[in-house]
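Student: If you want the building blocks of each chain, they are given just below.
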Amino acid sequence: MLIELLTDKYPGMRFWLTQRLTALVMAVYLVLVILLFVIVQPKDFDAWRAFVAPIWFKLATILFFASVSTHAWLGVRDVLRDYVFHQGLRAYLQIVVDVLLVFYFVWLSFILWNI
Amino acid sequence: MKKNQPKNRPKNLNLFTIRLPINAVVSILHRVSGVALFLVLPLLLLAFQASVKSPESFATLANLCNAWWLKLMLIGLSWAFFHHFFAGIRHLLQDVHWMTSLQKARFSSRVVLWLVGASVLIFSVSMW
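Sequence lines, in order, name chains A and B. Here the first sequence is numbered in this note's numbering, starting from 1036 and rising by one per residue. Here the second sequence is numbered in this note's numbering, starting from 141 and rising by one per residue.
Please note that a few of the clues may not be correct.
Below are the EDC-like pairs computed for lysine to aspartate or glutamate, each with C-alpha atoms no more than 20 Å apart in a straight line [said to hold, decoys possible]: (1) B/K151 / A/D1117; (2) A/K1093 / A/D1081; (3) B/K193 / A/D1081; (4) B/K193 / A/D1117; (5) A/K1078 / B/D235; (6) B/K211 / A/D1079.
Rather than coming from a laboratory, the hints here were simulated on the basis of the structure. Only a predicted model underlies this, so the values are computations on that prediction, with no experimental measurement involved.
With the rest of the complex left out, here is chain B:
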């Protein structure tokens, strides 16, 4: 920081008064969903292990997955996956300079959110 700048420059980092633009929402949710997917990795590995180990462990897992609270958690997990997937593909396309103007980026953000919503809905309905 330059010396002649005042130390008490006004700054506003209150998240409750900042209205994030849609591109920022998609971006921060990409980060949030990524961290969520990382944290849930051991549970996914446990589930995969149980599913292939023996008929008994497979049945235990299948029973567990019938619980309503686990189904709700799976829906939440599916959101994290689909958001990270579609927002990630959007970032990849922007890396090759596709739809990078502000207007087009806003449009692709909306497309991502709709795709995520539709995917989570399809997943939830077919799972329940």
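Next up, chain A with everything else stripped away, as it sits in the complex:
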């Protein structure tokens, strides 16, 4: 039944499911990272660099931020559809948001790459 809901017959269901799956990814990442942060308590620059340097941390963070951008894309999309009634303005704002989110993702990848 779930599979049928994800076909072209119900296009909105994919967005719905994506919003929930990305939420789960973010929740798991945040709980783990916050716990780790509270346990390790990196006090200075060197400790903080050591905290974020491992490759698994970088990969997890990239996955996390991919979820953040997808989740934000769908969330802002819903907000724009609810409150911005002028079609042209809405489309324009949506493009601005999309470009920003892609830029943020590239930016974060760049930051992590340079650690």
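Please arrange chain B on chain A, whose structure you already have, making use of the hints.
Tutor: Frame of chain A; chain B shown alone:
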């Protein structure tokens, strides 16, 4: 809209005279906090970049975070995060049909607000 409906049906959308039920409060705050988190994303990325770039930029950021006004803003941001987090988990649980009766939904709304309050308090105290 049907043709035979009068155009001047009474409607009341004055937000100052509508008393939102607690579930609606948690729901609209979930939206507000989500938009806030989206708007603050570039600042978070800037802060993260400064924190890992060099010892100097790390020190600048640490100094900046000692300012009282920035601490207040961080508390506000922590509210947005915790509310979006806990209200979001509540929505996920409702998606799997957990606590969806009106009475239980009101109860879980109160739980969310208490969890958010406690989390913001713990964050504020340990940060200050």
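Student: Under the constraints set out in the numbered hints, which ones does this structure not fulfil?
Tutor: 4 and 5
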